[in-house]
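**Q** Here are the chains, one letter per residue:
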Amino acid sequence: MDVSQKLAILAAGARYDASCASSGSSRSSGSGACTPSGICHSWTGDGRCVSLLKVLYSNQCRLDCTYCPNRAGADIPRTSFTPEELVRITKEFYRRNYVEGLFLSSGIFADPDIVLGRLVEVARRLRRDEGFGGYIHLKAIPGAGDRALREAGRWADRLSANLELPTSDSLSALAPQKDGAEILGVMRFLAGEIREAGSLRRNRPVFAPAGQSTQIIVGASPEPDRTVLRLASGLYGKLGLRRVYYSAFVPVNRDPRLPSGTPPLLRELRLYQADWLLRFYGYSVDEIAGESEPDLDPSLDPKTSWALRHPEAFPVDLARADREAILRVPGIGITGAARILETRKAGGLSLDVLPRLGIVWKRARHFATVRGAHAGIREEPERLRALLASPPPGRPESAGTRAPADPRLQREFQF
Amino acid sequence: MNGIERLDGALIKVRDILGRPEPGPREDPCPTPARSRRSLGGRDRTPGQLELGLAEDAPVRSVGSASERTVPAPTGDKEGPVSPRDPRHVRDPRALPVERCLRALGGDVWETFEYALRTELPVDRDAADFAVRALLCGPEAASDRSLPEVRAVRAAAFKVRREVHRLLGLLRFAPDPDGILTARCEPDSEILDLLEPAFRRRYGSEPFRIVDLRRGVVLETGRGSTGRGSTGRAGLPDPKKEVPGPADPEPVPGSEPDPVDLWRAYYRAAEDPVRRNPRLRLQFMPRRYWKHLPELDA
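Protein chains in written order, with numbering that gives the first Met the number 0: chain C, 0 to 414; chain F, 0 to 297.
Simulated from the structure, these hints should not be mistaken for lab results.
On a predicted model such as this, the values are computed, not experimentally measured, just so you know.
Keep in mind that a hint or two might mislead.
Listed below are the simulated BS3-like cross-link pairs for lysine-lysine, each with C-alpha atoms no more than 25 Å apart in a straight line [claimed, not checked]: (1) F:K158 / F:K290; (2) C:K90 / F:K290; (3) C:K177 / C:K237; (4) F:K12 / F:K158; (5) F:K158 / C:K361; (6) C:K344 / C:K361.
Construct the complete structure from the given sequences, taking the supplied hints into account.
**A** Rendered as structure tokens:
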């Protein structure tokens, strides 16, 4: 099999990993440098960004996870790169400005220490032999020892161990060879190393300066959005994760344990919106997806949904409110709130100006005033809900597949 | 008119507005109490050039974030300091004191003003008004989007920032027949010098070249120096004529695979057909950039 065929197979095998970021590192060397904000180099026909050369080292895998296209029982061509091939392709793609660097994952073709050792070898050759200063994201293979993980963190900018499913019960049901506690153990270890390297001990070697991330598949198992968001919130708060990625379950294998149908892309989008609210807007999980309504409303973004459930918090007077209150207004984001405050400080804020500040005024006007002047239509809540509900552009309206709820599968991961 | 002449023209316009001998019934640039006038030494009147430090008597910094450097103060000679944005062009000494004052305001006032004038949008008058208001009322006024000139200038500057960020990812380099890594583009704005620092970090000491086909300008680096010129100077084709693609050597049977073919194979494989959403791709990567992307030109 030639390199081009290998590349096509091992790139297709890695495309279900949602992570595409090349941000968070400012490493540089004689041959390349990272850009802290990250750079997108292309977008594929599915609208997803290409920032890194995202491939598997090998798609040979001894695990038989039901949802995985590379599972042991899948009837697909199997192949592996050699470290030389990966180093050469990465260097050439980087030199031509096709990518910011390498994202390297792998099937579990051998003992976890051996698998991680191969990934580390590629990273080490790039850094040490080629002086490569671009971005490297490596998978931290669960089951690998501390020594191998430390070596991975030495060469990589970011590490990630995928938690895969929102509860240990679901993991046991759909990926019986995986151990949730073991994955969390790896994440805890990485969190400790990252924290220590980031502290003031200047003599310590660098360890994954762009931190760690993880991925959760949604729609393959029956947990509600509240469970997914509680897990994400815990990972951000307790383990300091940089990102939690949500990947809509795509049925690639036939298995009676899995739901069939279309991927829940809309649910995935709503989870990302909720994730943003948790990280940057000061919302809590209870506010976004409470016990009584544990799922996000597919027809509304979570911020608008919260606003409609809390009419007592509106309208917000944009001429007087603080930043936190302004950020709660649907249609006003971080940039819009900053512009409102700047314009207010300069004395120019009025209802006429607001539509020109780059905010979604047709949404915000129902929830905001300027010194008592209201530009929205004072609608009944239900009519307002109908007015504001709409699928996002380019997305299917369907909420997609959902595994049937099973109250027995509700035990959450413990940190 | 080249970009530097345009920039200098706008700066001289600012100088002329502020240099009017008598304000007379002129509209107050800071009309509301909240838009407080910048401290002007206790005098409550529209300041002239002297108060704002527009006199031509001090060393100044010239434009260009890529290679910002102190340039000599105007000496009264016919030729002033050259522009780091393009050394072929000489700055107008009358413009430099105004530039110094705008830079001294801090924040993003100078960058916004300068970036706006890199676009092909007719914002010269708005840019002058923007600068006058910032100089008279303070840098906060440059963020007051209730003012039409602030909105126009900021929208133009945003176009430049967005295009720079896009092209940092979308430029595609390949060795030209002379062996130098070369990327071709047709940016909406004059931004080659803004792209340069990122690629200097990427390529280290390896020379590279970026060609702006729309303007017939080339930026070329090598061994620590940067040169700019017309496409003819670099031995590149006339941009008005049809431009051949990057010249990779013809593949020899049994040799290493062509990196362009590998990239196309990767790009095809990375797409998940179940998630197909071409509208979203267009939103991030407008079609006008596709011409120079090997993954999309087939």
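**Q** Compare the structure with each hint and give your call.
**A** Cross-check of the supplied hints:
no.	hint	result
1	F:K158 / F:K290	20 Å, holds
2	C:K90 / F:K290	24 Å, holds
3	C:K177 / C:K237	22 Å, holds
4	F:K12 / F:K158	23 Å, holds
5	F:K158 / C:K361	24 Å, holds
6	C:K344 / C:K361	24 Å, holds
This entry satisfies every hint, going by the numbered hints stated previously.
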